[in-house]
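A.B. asks: Protein chains in written order, with this note's numbering: chain A, 1 to 258; chain B, 1001 to 1393.
Think of the hints as simulated: they come from the structure by calculation, not from any bench. Please note that the accuracy of each hint is not assured.
[What the hints assert, rightly or not] Reference excerpt, derived from the structure (chain B facing chain A, CB under 7 Å, subset only):
no.: 1; residue: Arg1253
no.: 2; residue: Cys1275
no.: 3; residue: Phe1276
no.: 4; residue: Val1278
no.: 5; residue: Ala1281
Note that the Cβ used here is the ideal one computed from N, Cα and C, for glycine as well.
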Amino acid sequence: MTQTLLEFRNIVKRFGGVTALDDFSMRMGQGEILGLIGPNGSGKTTSFNVLTGIYPATAGQVLFEGRDITNAAARAVYEAGIVRTFQRSRLCLPLSIYDNIMIGDTARLTGSLWSNLISRKRLQGQIDTSYRLARDLVGGFSGHLADRMDQPVGALPMIERRRIEICRALISGPRLLLLDEPSAGMTHDETHQLMDDILAVRARGEGLSIIIVEHEMGVIERITDRCIVLSYGRKIAEGTYAEVAADAEVQNAYLGAD
Amino acid sequence: MTDLPISSTAAAARPWAAGAAVIVTAGVYAWALLMAEETWQVTGLLVLAVAAVLAALKTGFARRLHQDWAASEPRLNRLAFAALIVLIFALSDAHFALLMVATTLLYFTAAMGLNIQFGFAGMANFAGAAFFGAGAYTAAVLGTVTAVPPLLTLAIGGAVALVLSLPLLLPILRTTGHYAAVVTIAFGVLFRTFLEVNEILGGPQGLMVAPMRLFGWDFNSAPVIGSYEMSFYVNYALLAAALAGLVFVLVRRLERSWIGLHMDAVRLDETAAACFGVPVARIKLTAFLLGNAILGVSGALYGMMISFIAPASFTFSDSLLLVSIVLLGGLGSLWGSAVAAAIVVLLPEKLQLLQEYRFLLFSILVMLVLLFRPDGILPRPLRTFFASRRAGK
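Input sequences plus hints: build the corresponding full structure.
C.D. replies: See below:
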């Protein structure tokens, strides 16, 4: 394996009596595309929430590029270079496409009260530059969307919203992208188109790693280097898609034992 | 787009023409309403206003106006301000009408402060009257026991409201939604009780407030041009207009900055905002302190204008009145707050003959608006960084 990017060490997450993640350990390498699969309620989204600082872990450690980021605040995780999309779209519907994408670039686009309200030269420059960047990024996904940067996101169909959500995650040039069921609510072809677009962005930059939670096995098979299978919060298998698909325990978890 | 009351070719050449016509009409209408004394006059004017608004909505004129306004916003905003100044001078000897104009402007200013908190950052503040009152009491104390220049007193009034909000920060940042609102309600009630038992601050009887003075000019003396004597409220109305204009520009700039964007992000989805590095606590803190400071400044000027203040002027129901201005006008909509402030101040005064029923009428109005126009009388337009881009490209 290449240099380690992310490592989970014996992560436990309990909600009262329910154990959502049970002693989950894993490593992923720089530049890798990792699939996180498993039946409903197996702890996939919980892993994302623990990693991005939404839930504190009950026990265990998370290391990112060698740094301990266990229970770091959501903002610190973002600043370390980890971004995500959500299973249920979480865009700001009344805001424009441009505004929504800019929310993803907070690291660069802030400033004091003074530069925001009184002396606005710097703000003006930031707006001009970021508008171009956002337009280019969106254009890579859909030329049609790039012409509608000032329209509210609420008026767009699901697939377009998903694209905006991914652009919001990518605009800051992250190290690790977490995709939580990108295919939800989309057709087979739309999903594949979306994946191709994400891979195109990845090919342009250097070393974007991806963890993808997905039920659409076609997507997993096509784009992941390696998969981890979770069941009831425990890791039950790990390997290439072909390996885990052939695993007896995995088949049990999905289809049930005889 | 063909059945518009204004010929479309003329409108295309001068997109601001419709907006300018509306501003002038509104100015004349405000003058007529403020000067109307007979019941039939007031009733007739109110019916006229409702009919005009309904007609504008029906013909699509309202929507067109909305777009045109966005296209030439700075010009129209300046024109509206000029119209306001003309209105104040047109009313120059009408004592009571000017008091109402100045009161409307100060309530509007206060509502803009509340809009930063409620409309942008999504933090309900039910202690608006307390922070407004903090400014007024500051003016009363500084005006009687110190020689601080009154203009500086306005700023200090804002600073005192800001300092008073500091102890609230921790509970407000640690709670969300209804719970944060309850914290502010508790503070508002506490503040009033504190004033009532505090002998130094006049107890339930309240305090006298020294008048505004600017460069040696006493605001309680009537301006005289030649042999023509105006009401001294002209002074206050003009200063209130200047204050409202200044705050309007500041709040607009705030809305169209990264901080404004982050406030919207926090209101709409706090968790997602935090996942993209929005400093949620700092944004809420900024909104709360800035809003309360604006409330304090407007309260200080209000105190100087009415020259006598008591705890009974800054109760929970006054806080509700401020919140209802923001809701009626439309959350986050500055022009909406202006219109709603005028309705809230003028309607009860102008319909006095209905005596006790006037508040019933007012309550019905609030319910009707919330029922049929939940986004307010003038809903907030799509957030943007530039006044012109929306209409341009």
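A.B. asks: Would you mind marking each hint as holding or not holding in the structure?
C.D. replies: Now the hints, each set against the structure:
no. : hint    : in the structure
1   : Arg1253 : holds, 5 Å
2   : Cys1275 : holds, 5 Å
3   : Phe1276 : holds, 5 Å
4   : Val1278 : holds, 5 Å
5   : Ala1281 : violated, 10 Å
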